Amino acid sequence: MAVGTIHRRPGPAGTDARGRRDRRRRGPGLWHFLTFAAPGTLVYLCLVLAPIIMSVGYSLTNQALLRPRTEFVGLRNYELLLRDETFLQSLRVTTILTLIVVIVPNVLGVAVAVLLDRRGWLYNALRSVFFTPMVISSVVISVIWTRILADDGPVNQALRALGVREPPGWLSDPDIALYSLSSIVCWQMLGFCVVVYLAGLQGVPQELGEAAAIDGAGAVRRFRHVTWPLLAPALTINTVVLLISAFKIFDHVKVITNGGPGTGTTASVAFVVLQEGFVENRTGYASAEAVVMLVVIAALSVVTLRILQRREVQL
Amino acid sequence: MTIPTGPCRARIRTNDRMSFVAMLLAVTLAVTGCGSGDPSSAPTSAGGKQKVSFLIFPSPNLPESYWKAQVALVTKTHPDLEVELVAAPSESERNDYAKQLAASGQLPDVQIGMQDLIALEPSLEPWTEEELKDFLCPTCGAVNGKVLQLPANTQTIPNVFYNKKLFAKAGIEAPPKTYAELLATAEKLKAAGITPFVSGGAFVTSQPWTAILATDLYAKTPDWMTKRRQGAVTFAAPDMKAATQKFADLAAKGYIDKRQIGQDYPKTQEAFLAGKGAMYPMGSWFAAAADQSEMKADIGVFAWPSDDGSLHLPAYTGGGLSVSATAKNVAAAKRFALAFQLTKENLDASVKADALFPAIKGYTPPSGTGPVFKSVYDLWQQALAQKATVAPFGWEAGDTAMVPGMQGKFWSAAQDLVSGEKNVDQVLSFLDTEWEKSG
Amino acid sequence: MSRSSPPWLRPLVALAVAAIFAIPLYIALINVFKQSRQVAADTLAPPAPPTLDNLVHVLTGPDSLFWSSLRTSVLVTSLSIAVLAVLSAMLGHYLARHTGWWSRAIMVLLLCGLMIPPQVILIPVTQVLKSLGLMSTLQGLVLFNVGYYVPFGVFVFSGFMKAVPRELEEAAAIDGATRWQTFWRIVFPLLRPATASVLIFLGVWIWNDFLNPLIIYGPREGTTIMTGVYKSLGQYAADFGGMFALMFLATLPILVFYLLLQKQFVKGLTGGATKG
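Protein chains in written order, with my numbering: chain A, 1 to 315; chain B, 1001 to 1439; chain C, 2001 to 2276.
Careful, some of the hints might be misleading.
To list a few chain A residues with every Cβ distance to chain C over 12 Å, as calculated [to be verified]:
{"#": "1", "residue": "Thr132"}
{"#": "2", "residue": "Arg224"}
{"#": "3", "residue": "Gly284"}
{"#": "4", "residue": "Arg310"}
Here are some of the chain C residues that sit facing chain B, going by a computed Cβ distance under 7 Å [claimed, not checked]:
{"#": "5", "residue": "Leu2012"}
{"#": "6", "residue": "Thr2126"}
{"#": "7", "residue": "Ser2136"}
{"#": "8", "residue": "Pro2189"}
{"#": "9", "residue": "Gly2218"}
{"#": "10", "residue": "Gly2234"}
Because the hints were derived from the structure by calculation, they are not lab data.
Everything numeric in this text was worked out from a predicted model, so none of it was measured.
Just so you know, even glycine gets a beta-carbon here, dropped at the ideal spot from N, CA and C.
Turn these sequences into a full structure, and let the hints steer you where they fit.
In structure tokens form, the structure reads like this:
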């Protein structure tokens, strides 16, 4: 995603496609479509679009994969959802997760990117360090952090050494676990933001900053008025990517807390959908949850994109 | 410029439409063509052997090598069977995993130790009376009158394992006999700076609750669960509430360390064996790990005490192998399952590695078992003699169990009580709500 | 910080921040070489003495879990990203060059696909694959990967396509080259940074995925390596050293792949912005 948008720039004259209509395209147009566009579209149609429509269909039934009879139940699943404490709690959990995961890596990402925005091997190496967690599987990340945050792990060992008698139960205290989990995701996503912001920063002409400096603008003001506006596309990319990733969070929950401690204190919507669909086997009901999830994320992404892009234009 | 686009590039350099067709073919072949070699469509392999897939759950106590050895004992006497092991992610997740496999039509032919038999009912093949003739309790765990799982062994859930050294250190001379004594013991331990109960993760946290429900609920109303299923009682009923309150009080008094609920099962076991707590309410299977530890001589066992000191020991018979109704070769799968459960060496190995009490006619455990196993086994025999066994709440199977999916809710509710996230009323109403949702 | 502060300050601060950030990576690395007992006792300490036992144990384990799942993962990942690069480059090119309603419709549908969480479609996907006879097969998993990630590939490629002058293609057409030839000989080589980005991102995502293989590939044909790691959590629960060694070995191939392509990839990220 990152890559595509960052290249948004005035295209060469040739990209103006409208108005050109040479004969070659009309004749073999279908053939062109079949060879270039059809294979990808077809696979996508069968494995993503059709399943979405099927999900909507399932959500109107009481289907349970291990039960033979399936009946049409209309919107009953959706009515039940509105009163289902497990599902409502998962929406709250996902909201908190999403807020943290969208804001924190974005803020820290800008800071780190500004810090690393220099040439030389040192900065290249450090950029790689920050990006490495993005390359590592969430399962592996989760296991590492579970060890770090365990009650006898290094963090609490250090706190005890510092004289804290009862260090927090990072993953066992229902009031803290969700925030620990969010932090782990932030740590993993930070590198992505750093790289995207760095790419944005490197597109900022040096002369602009220098000119502003000559005019007597301080570092903070220079950043606020010169650099930051030019980072707008990077902010858009990061926010949308983080939003979508945060909404999908499943692996970390599954491996680190399995939705606990206690009932659903860290159970994200994605986790609950899978639990309901593949473990409790209530496919119809799970599909209704999935559809709600899809609608929410679609609405959120569109709104966010609109707001951020309007901002880009204004700046 | 070394991008490894090799595979695409090679394909790409060629020129005309023909090459497109060729490429499309290649992709189609790559993606679908090889599907013809789908091994699952062949129940018998080349050597005329009958293939059976077997869902197992490796754990620190029962590593993959244990399962291989167990299977080898069967295939030694049944050389025409070829058994393929399928490992579940972990012991505590084996049920979820099995259900997930069943939901996507991939349940292996044979499974071991399934607990949510009601949910799995449509996928499992019932056992006949004839096949069950060697089992002590042939109808244990039946679902709608059908026996879906071989009632192969008995487990007592929980026993209270205790650390004799820590008891001595706190000045406790004998294990408690009544509930009041248990509270006094816990208080003394706490005063001595020792965590009274070791707790952890999902199901371990619920063990004291199961124990209290045995002495306070099932001892008086053995058919409580049947009544709940008929809707004659709810979780909000007074006896249920009183028992749950006792459990919540244990946590409120600080006898259960709520910081431990985030740790997983293996770590919990390790914590008790490392002396990080004095009492460990746990199923009889823990005896196996206890006997392999260095402190086996220092581990004692007692039954969770009731108010008046009478003995009520929760015991459950089942836990054996079950066969998938969609197995490619049901007869072979059943033959394997029965052989697995009835071979003497297999049972001996399961006693030693998993501290099971085989519920097979005429079977006696081998000599040379460890001290902890002996005390747990004796306690069970004593309860049997006094007819003092009751059902273990949350561990029952089939018609006497909670409705599907409730076990996990019961476990997480126990964590909510210990962490103080929910009070007793909230937890019980949560369980009632979830029950309605599942029913 | 640039003008008023001393020149050594920035590298120093950068190093310090990176060092704190990298502590978990350090933990992941050193514990590979420690006895399980030492991992449990002191996770942060350097290995004393370092041991290769954990690695040897995983590599020579009697269940050969590592090697068989490594093979599966290599197959799944390389097949998926090769097919994806080809299909999405062509589709991206088509969509960038056509502005008809169908083309825009496809683009919008694909954009929607970018935000669909796999959980939403997994249940019906198992049904689709079952009806194709591809459930529990490697081909089924590859097919799902292709369908699920094609929007990302198209998005990247069509974005890049705007930087490729249309005149180049027209000139080639006048010279008598077919569309097919023009695309593969002239356009595709220019898309190299985009290809690198697509290969890296998708390679990493597909390699690291544990959920989809867990459900789609099923239990019998073995596992991919990350599903293998996930499924080993129970078995290694008490053997931290073994766990860290397995995780290290499972991550190594994709890390190397990333480092090899990194230069191209960074160019892909920054190229358009600076060259513009």
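Self-check item: Status of the stated non-contact between arginine 310(A) and chain C (beta carbon gap over 12 Å)
Solution: Consistent with the label, arginine 310(A) stays out of reach of chain C, its closest Cβ about 18 Å off (over 12 Å).
Exercise. Under 7 Å, Cβ to Cβ, is where proline 2189(C) needs to be relative to chain B, so tell me if that hint holds or is violated.
Key: violated (9 Å)
Quiz item: Are glycine 2218(C) and chain B close enough, Cβ to Cβ, to be under 7 Å, as the hint says?
Solution: holds (4 Å)
Self-check item: Given as non-interface: threonine 132(A), which should sit over 12 Å from chain C by C-beta
Solution: violated (6 Å)
Quiz prompt | Given hint threonine 2126(C) near chain B, where the shortest CB pair must fall under 7 Å | solution = Hint holds; threonine 2126(C) Cβ to chain B Cβ min 5 Å, cut 7 Å.
Quiz item: Should the label of glycine 284(A) as a non-interface residue stand, given a Cβ cut-off of 12 Å to chain C?
Solution: Label violated. Min Cβ-Cβ 10 Å, cutoff 12 Å.
Exercise. Would you settle whether the hint for serine 2136(C) is holds or violated, based on the nearest Cβ-Cβ distance to chain B being less than 7 Å?
Key: OK, holds: serine 2136(C) within 7 Å of chain B, min 6 Å.
Quiz item: Do the numbers back the hint for leucine 2012(C), that is, is its least Cβ distance to chain B under 7 Å?
Solution: violated (35 Å)
Self-check item: chain B contact restraint for glycine 2234(C) - C-beta distance below 7 Å
Solution: Result: holds, 3 Å to nearest chain B Cβ.
Quiz prompt | 12 Å Cβ clearance of arginine 224(A) from chain C | solution = holds (15 Å)
Checked against the numbered hints above, the structure breaks hints 1, 3, 5, 8 and satisfies the rest.
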